[in-house]
Amino acid sequence: MPYSSPPFLFFPPMPYSSPPSTAPELVEARSKSKVKAPETISLEEFQRILPGMLEGMEGQVLWKNEAVMEVFKRVALPKSSYSKYLHTSPSPYTRNLISTDNSTYTLLLLVWSPSGASLVHDHPGDGCWMRMAEGSLTEELYVERSKEASSGADRGPDLPSSDPNPNPDLRKVSHKVYSSPSIAYINDDIGLHRISNPSPTSYAVSLHLYSPPFSECRVWG
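Numbering-wise, my numbering puts 123 at position 92 of the sequence shown, and it's gapless, one number per residue.
It should be emphasised that the hints constitute simulated quantities derived from the structure, not laboratory data.
Just so you know, even glycine gets a beta-carbon here, dropped at the ideal spot from N, CA and C.
Fair warning: there could be bad hints in the mix.
Mimicking SDA-like on lysine to any residue, the simulated pairs with C-alpha atoms at most 20 Å apart in a straight line are [stated by the list, open to error]:
{"hint": "1", "residue 1": "K110", "residue 2": "Y234"}
{"hint": "2", "residue 1": "K207", "residue 2": "P195"}
{"hint": "3", "residue 1": "K110", "residue 2": "N218"}
{"hint": "4", "residue 1": "K178", "residue 2": "E75"}
{"hint": "5", "residue 1": "K110", "residue 2": "P82"}
{"hint": "6", "residue 1": "K207", "residue 2": "N218"}
{"hint": "7", "residue 1": "K115", "residue 2": "K178"}
{"hint": "8", "residue 1": "K104", "residue 2": "E75"}
Per label pair, the in silico range of CB-to-CB distance [as the list claims (entries may be wrong)]:
{"hint": "9", "residue 1": "R249", "residue 2": "T119", "range": "23 to 31 Å"}
{"hint": "10", "residue 1": "E76", "residue 2": "D189", "range": "40 to 48 Å"}
{"hint": "11", "residue 1": "D200", "residue 2": "P82", "range": "36 to 44 Å"}
Construct all of the structure, not just a fragment, from the sequences and the given hints.
Below you can see the structure in the form of structure tokens.
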């Protein structure tokens, strides 16, 4: 099976605020000005600067590169910017290549059919960022029972899985929903996951950044 979509760490947007001050002139100046959010960049510009940002990161955890996260948050995603990659099929989801340098990154647009879902899968490489563009996606996070037992870690009680054919070697430990413009992250240290579109009538669209590129992953059916 070709490598699929990216459990995720959710990074809520941080509010911007002025530095504290009790000086009257600074209070007055602040009241007359507005704090500006970082400027957005286009999807094309993001592709142009990515290789330089990721160069030399091999073997590092992708989420620790705060510069990548901050720029990924600033990418403007009007539908017109990715419409040419919006290909669908009768399958649960389609993986549409936006760009890759075959060395440091692959950028994909995933289109999720109504009620479409992936199998439980892992993520080779240093990790994956996901940015929601349209709709919502549900993520179920799983751990391998054997690895959890050998590590001595306790991820909490088993949760019911929506997988119609749950694998007895895995157990579900969390359940999250991501909606546009949420940003999320996963790597194999976090766990395995199953992604699904909760809507029975609407498509969902997500942007995925993998570093380094990979061509296959393990799945649990």
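**Satisfaction of hint between P82 and K110, Cα-Cα up to 20 Å** = Not satisfied, since the Cα-Cα distance of roughly 24 Å exceeds 20 Å.
**Prompt:** Straight-line Cα separation of K207 and N218 no greater than 20 Å?
**Reply:** holds (16 Å)
**Prompt:** If you check the beta carbons of E76 and D189, does the distance land in 40 to 48 Å?
**Reply:** holds (45 Å)
**Message:** With the threshold set at 20 Å, check whether the alpha-carbon distance from K104 to E75 stays at or below it.
**Reply:** holds (14 Å)
**Prompt:** For the pair supplied as a hint, K207 and P195, is the alpha-carbon distance within the 20 Å limit?
**Reply:** Holds. K207 to P195 sits at ~18 Å (cutoff 20 Å).
**Asked** Do the alpha carbons of K115 and K178 lie within 20 Å of each other, as the hint requires?
**Response** Violated, at about 42 Å.
**Prompt:** Given the proposed pairing of K110 with Y234, does the C-alpha separation stay at or below 20 Å?
**Reply:** holds (13 Å)
**Request:** Starting from K178, check that the Cα of E75 is at most 20 Å away, please.
**Result:** Judged against 20 Å, a Cα distance of about 41 Å means the pair is violated.
**Request:** Could you tell me whether the CB distance from R249 to T119 stays inside 23 to 31 Å?
**Result:** holds (26 Å)
**Request:** Quickly compare the C-alpha distance for K110 and N218 to 20 Å and report which way the hint goes.
**Result:** It is violated: about 28 Å lies between the C-alpha atoms, which goes past 20 Å.
**Request:** Kindly confirm whether 36 to 44 Å is satisfied by the beta carbon distance between D200 and P82.
**Result:** Given about 38 Å between the Cβ atoms, the range holds.
Hint check: violations occur at hints 3, 4, 5, 7; the rest are consistent with the structure.
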